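Protein chains: 2
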Amino acid sequence: MLISKSFIPILKNNPSEAKIKSHQLMLRVGMIKQSSAGIYSWLPLGFKVMKKIEKIVREEQNKIGAQEILMPTIQSSEIWKESGRYEDYGEEMLRIKDRQDREMLYGPTNEELVTDIFRSSLKSYKSLPQLLYHIQWKFRDEIRPRFGIMRCREFFMKDAYSFDINDEEAFFSYNKFFLSYLKTFKRLNLTAIPMAADTGPIGGNLSHEFIILAETGESKIFTDKRVFDLNSDGTNLEKKSLEDLRKKYEQFYSVTDEKFNKEEFEKQVSEQNRLITKGIEVGHIFYFGDKYSKPMGASVDLPGGKKDFVKMGSYGIGVSRLVGAIIEAKYDEKNEVMKWPISVAPYDIAIIPMMNKNDNSILDKSNKISLELENNGIETIIDDTDENLSSKIKKMNLIGAPYQIIIGKKTEGEILEFQEVGKEPQKISLKEIIKILKEQKVKN
Amino acid sequence: MLISKSFIPILKNNPSEAKIKSHQLMLRVGMIKQSSAGIYSWLPLGFKVMKKIEKIVREEQNKIGAQEILMPTIQSSEIWKESGRYEDYGEEMLRIKDRQDREMLYGPTNEELVTDIFRSSLKSYKSLPQLLYHIQWKFRDEIRPRFGIMRCREFFMKDAYSFDINDEEAFFSYNKFFLSYLKTFKRLNLTAIPMAADTGPIGGNLSHEFIILAETGESKIFTDKRVFDLNSDGTNLEKKSLEDLRKKYEQFYSVTDEKFNKEEFEKQVSEQNRLITKGIEVGHIFYFGDKYSKPMGASVDLPGGKKDFVKMGSYGIGVSRLVGAIIEAKYDEKNEVMKWPISVAPYDIAIIPMMNKNDNSILDKSNKISLELENNGIETIIDDTDENLSSKIKKMNLIGAPYQIIIGKKTEGEILEFQEVGKEPQKISLKEIIKILKEQKVKN
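So the sequence lines, in the order shown, correspond to chains R and P.
If you read the first sequence in my numbering, its first letter stands for residue 1, the second for the next number, and so on.
If you read the second sequence in my numbering, its first letter stands for residue 1, the second for the next number, and so on.
Some hints could be false.
All copies of an identical chain are treated as equivalent in the list; a pair is satisfied when it fits inside any one copy or across any two copies.
[What the hints assert, rightly or not] In silico DSSO-like pairs for lysine-lysine, Cα to Cα no more than 27 Å straight-line:
hint	residue 1	residue 2
1	K51	K441
2	K126	K394
3	K12	K126
4	K138	K55
5	K247	K427
6	K5	K183
7	K365	K126
8	K368	K239
9	K55	K443
10	K334	K123
11	K267	K52
12	K55	K441
13	K186	K247
14	K5	K123
15	K186	K357
16	K334	K435
17	K307	K81
18	K307	K357
19	K395	K431
Calculated directly from the structure, the hints in this document are not laboratory data.
All of these numbers come straight from a predicted model, not from anything done at the bench.
From just these sequences and the hints, can you work out the full model?
Structure follows, in structure tokens:
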């Protein structure tokens, strides 16, 4: 992609209205544009990143056997009255009357709708377990939307729902998502820690928030530092293995604000291991048994001839929010350098040629290099504007392709000036560059 | 995928509320479920088909150099007041008041929003042309939603927008989409004919609807039969080649109801070539110059120092509607056989084993075959229920994988009973089956 042909509207300076670095960067390099309070359009650069995050989230859902569906954004109020949440939800729910004066709403979450789908579709325990998910726009009418897409009104979310015959099987499903979430965030190059959390308006009595550390986070967290050394390596999709994984994490104190108990914290965590800091919630999982299936009558026939309400959980990941969360975690705002993890980078590599009005050979060379890279599945962007090299490098540092090739007057023959952002430049051939990038892309 | 583990709720009989065959089939095999009037959830089977259509639409947009963005579903009324359409649009627009009492709406289309994005992003003719598209949910509050997802309220649509410096360049953009649409529908195995059409609430003076023939269509069409023999083979993305393509189509009379003129029709079309029938609109393209850019002040600096309003067009494809349109075109309702084009089939091949409670060997064999096929990129579904072979074949005929393997008692060794739906069964090896399917998948 030539930057002169792309739709990447870049601002010279940080926009004054943005208070946190993800919001600043996203406006600065034209990833998003606000269309009204708390509502954004995603321009090509931001869209590319969000789509890559979505793909990773989807792949990790499929790996645990979840099936993808797509529920509508607009829901009838009827099912929310059945569950009893219509009144409870408060003003964050965007309520709508259609032209026939029917009470509708823009879904902030989908427990009711998916329960309605389940109850009219499946009737026997033989069809269980069922894990269903969708990735869809949601709306929460925040009173004070702020921080760009981190606390906005219309947002893109993956929400999954599990249906099981009893608690034991339901915990098995819960733990599958627990593993899936750790793997998802790892592929995004984020260290997300599952923390015991409050269940809020979703309900239930078992819940974990997945939190990444960030000074700008809105969640206050209290943890045992040692939890950051854990990972899910070696866990497989069997009951025992998944239980062990959760136990491994739960041995260390690690909670959000709402669950914090000073006495417990100080008793369980030695002073040198205590960490009190802030974080960003990127995922949240819940187990709530028959909270929705009972009032809505979602039951299955059991082996003996009896019926029982299905046991349900729900599992959310903020897909659009993750774009901002990754920036909060990775953007070096002092040096104005963003290095996207290659798994979600808008482009894998930036080609930065020194342009010369009277000589097209450098641009021709750049186009050739780009074509060769693209043919190898490596996404490129060429800065073909007539700015000087140093300002182009600054711009590309913001756009955030993790690798750069700089083509100046002195670049002759096969050897190129190649740099992984933040590391020393190297002089190597295009063939070697392709090898390095392909390896990185496979690994991530 | 084992059908016993899948979420494919199949009905025994055609649902009485469905009047047309796409609606019948989609409810019958659990592709969709209605959640309220004119609003549907997409269950796994329907979702898979829609996603494959979306992918083809996306690929063909990218091929003409369009860049993907994503605009929100909820828009502010302000920009619609600027364009003058806020009052005009009527009750089909779902109007919403948020908690701050601001007038919002659920976008039925995005000319205003994309014009707003353009005007605040690009300022120079040097950045033109720009082709932007998004694939997003839209809402039209139909007074009488009917025919399932064919005339529903919440629907999934690709809409693209072009921005050019003058009419000549704008027609070039228009013609790129003209070609792109012909290619898109061809990949979906549909014969869609571009027909001169009215511009309706979008405005402008040049417009084509892309129509496929179907008795249940809501558009009445009048054409010269010979238009069906045309195709876009040999056209490339150059001005002259694209102009020739449009001329080739426009030499034959071919219009919708609103543009129909009896005298002209009879003058231009000899009696034996006249075709008066019904069709389904699957795409619609418009050129409207500065209809939005002028009132909204979207201008660019021209070479000489002057400014001018950009010339715009818009280009829609009904992605969710296409699922229904393909069924209307391909479903043989008399024999209850649906054969999906392999490019969008929910599964490439169905494996239909005869089950035996006391002997797992046939199911084991099916699983092995399935694994081998999946490893070759071929999507399979196994009917592992204990129904008899004939009712399983009937069920799979409705689900619509274009190929079937039947594994009965007599299936021994390497030779399998393989059938392309609607053709004669063959006895061939798995290796040969893989070869046939791979070839078909590459071709389509």
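Let me make sure I understand: some of the numbered hints might not hold for this structure. Which ones are they, in numerical order? 5, 10, 11, 15 and 16
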